[in-house]
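Engineer: So the chains spell out like this:
Number of protein chains: 2
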Amino acid sequence: MPPKPDIRAVIMAGGSGTRFWPLSRRKLAKQFLPIVADRTMLEETVRRILPLVPARRIYTVANAAQTRTIRRLLPGLPEAHYLVEPEARNTAPSLILATARIHLENPRAVVAVLPSDHLITAGDVFLRKLAAAAEAAAAEDALITFGIPPSFPSTGYGYLRYRKGAARTFRKEPFRAVEAFVEKPSYEKAVAFLKKGGYAWNSGMFLWRADVFAAKLERFAPEFFEAWTRILAALRSKSRARVAAAFASIPATSIDYALMEKAGGVLAAEGDFGWSDVGAWSSLAGIWPRDADGNAFKGASVVLDARNNLAYNPGRLTALVGVDDLVIVNTPDALLVCRRDKDQSVKRILELLAARGDSECL
Amino acid sequence: MPPKPDIRAVIMAGGSGTRFWPLSRRKLAKQFLPIVADRTMLEETVRRILPLVPARRIYTVANAAQTRTIRRLLPGLPEAHYLVEPEARNTAPSLILATARIHLENPRAVVAVLPSDHLITAGDVFLRKLAAAAEAAAAEDALITFGIPPSFPSTGYGYLRYRKGAARTFRKEPFRAVEAFVEKPSYEKAVAFLKKGGYAWNSGMFLWRADVFAAKLERFAPEFFEAWTRILAALRSKSRARVAAAFASIPATSIDYALMEKAGGVLAAEGDFGWSDVGAWSSLAGIWPRDADGNAFKGASVVLDARNNLAYNPGRLTALVGVDDLVIVNTPDALLVCRRDKDQSVKRILELLAARGDSECL
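Chains A and B are the protein sequences, given in the same order.
Just so you know, we're using the working numbering here: the first sequence kicks off at 387 and counts up by one.
Just so you know, we're using the working numbering here: the second sequence kicks off at 387 and counts up by one.
Incorrect hints may appear among the rest.
Chain copies aren't distinguished; within one or between two, either way the pair holds.
Claimed, not checked - The calculated lysine-lysine pairs, modelled on DSS-like cross-linking and capped at a C-alpha distance of 25 Å, are: (1) Lys550 to Lys733; (2) Lys728 to Lys684; (3) Lys558 to Lys684; (4) Lys728 to Lys575; (5) Lys558 to Lys624; (6) Lys733 to Lys684; (7) Lys570 to Lys684; (8) Lys570 to Lys648; (9) Lys558 to Lys728; (10) Lys582 to Lys684; (11) Lys582 to Lys648.
These aren't lab readings, by the way, just hints derived from the structure by calculation.
Small disclaimer: the values here were computed from a predicted structure and weren't measured.
Chain A on its own, in the form it takes in the complex:
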């Protein structure tokens, strides 16, 4: 039996989502909102992994303002584990920084990269698969991920395509080789993917051993490997200015684009643990309990001839009469009423407000 891997979780909490406005704000992104449970999504993310990863092995990555919120929500992490992004530069720089930080402590530690704003309903299944993935990452020179079984031809997610052939098994969990990462497809392509089979949604969750990550960078992403060595040196120097300078030198791109899409040897387990990225208000309609007419509420409600509405209005009564397919979000200073299939347009509302200099509710 292999030794138990030294798992370090890196919780990515730097997202600045606008799609849950008016509940989410510039300074209060989705991960800091209790939209799927009584606790914030960030807290849920940490609670979920605690049986496998103790708090002393958990890190967060976010900007300085977000980190203040994180310290308040997650007061139990080691002081040095609240990693602050010197600036917003997408996920590649942040994960190079976090992995380098962990590499200094233990090059063979397994880094589990977890978004802080995803929903997982089958937490026990997830934990089991996470343990298996950590074992795979510890044992193999491979980057590990989860492929979400696609439930519809989404054009909002990237896909991974499995290579044909036998799966490797860790802790009885099959891991299949990933042949390619595919960018968000057209609707026609997405339909074809589902028909053909062998495709899964890119979950954005990754595991790697710190030294394997470095080796993959060196081989598949040399320009990022240079940054990696600069970051390592800067961290060793303990100079915040040097770390910031090294960080700023890394191209502002996603880790998917920087490494995952290019690297060989990616393995994926099936992410069949009730995953949702909770991309917009309407996605909560599948998560909150619904009444017989398909209405879902946070807060008291009274309904007359109304179907498939979603209303967030905690502490107040929401009365619906003769309306269908609406998203309604009421906050102390702003009320949103939106057609359910238009909830991706909420960010345009923020642009409109910003354009007219109306920053109060942003």
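Given the coordinates of chain A, work out where chain B should sit on it, guided by the hints.
Structural biologist: For chain B alone, coordinates are given in the frame of chain A:
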């Protein structure tokens, strides 16, 4: 030239409207809300007539709780003029009480009965017509009213049918004889009325000399005349209990049904002064200013692809995305989102809340 009539205005403020929920409540009816202007409809009603009827000649009729609100909103009336209905019994008992009260002071006084929750946009036209109507009431043995020129085949109003023939003129204002009062018609009948001509909406505003009112009761509504004499005697006795007993003995019906529909000699002037009874939220869409897409707001707004909505949300931002024809009303404890053509169903929401014992927001 005839002597100037002694006009007394009786402001009927006892209505318990439910159709402006959640802004209106059991204890806060439409007349106490600032829904068409910055002041409440009751205050607007009084302000409108002050150039013709000084405060010392204005009376209000409402129940005890409402009268407390009225005293606060209209502190300038004589103490004895806040007439309290011993119980809610529709308009006939209240107007018999009020007219009897005025009859004791001056039998030849002209009583102008004015609902407290109607909108009149052309206040100057209204005042001129009110003065003419008062002169007609002073001079004639007639009940006077205003017929509202119908702008659409409404099934929500009663109608009056004019008698053919020449109009009488007072202060250059023509008054036509009313042949009949017609109850709320079917849609087909309403269409026929408009096509045929000679019909007007019953405005619910009436003028009569106190002694003429008594004489009409005696002739056309003898059972109400008995009550009238009991009320007069009770008022003379100054016994509140006797007044309440006499009041309770009057059939709980409308003055329209008790007297107007039966009495001969009703004259009506054209009520072309921008009248609206503001019957429900959607009627405000014709009153509040609208944007180019037909949206009307109280409160700040931001709109994306949304048309013909009405939102009451003062002090907060309302954001609409992709929605049409909604009525949205946000209050500190309840939010209503209603299809505009269903706003008459709002009272059913109140029934649903009451039925489940949820009285907090009623």
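Engineer: Please go over all the hints and tell whether each is borne out by the structure.
Structural biologist: Against the structure, the hints come out as follows:
1. Lys550 to Lys733: neither (40 Å within a copy, 63 Å between copies)
2. Lys728 to Lys684: both (20 Å within a copy, 24 Å between copies)
3. Lys558 to Lys684: Neither way: Lys558 and Lys684 sit 40 Å apart in one copy and 62 Å across, limit 25 Å.
4. Lys728 to Lys575: Cα proximity of Lys728 and Lys575: one copy only (22 Å, versus 43 Å across).
5. Lys558 to Lys624: neither (42 Å within a copy, 95 Å between copies)
6. Lys733 to Lys684: Answer is both; intra-copy 22 Å and inter-copy 23 Å each pass.
7. Lys570 to Lys684: neither (32 Å within a copy, 42 Å between copies)
8. Lys570 to Lys648: Result: close within a single copy only, 16 Å intra versus 76 Å inter.
9. Lys558 to Lys728: neither (43 Å within a copy, 59 Å between copies)
10. Lys582 to Lys684: Neither: 39 Å inside a chain and 54 Å across chains, both beyond 25 Å.
11. Lys582 to Lys648: Within one copy only: 23 Å inside a chain, 81 Å across chains, cut-off 25 Å.
In summary, the numbered hints that this structure violates are 1, 3, 5, 7, 9, 10.
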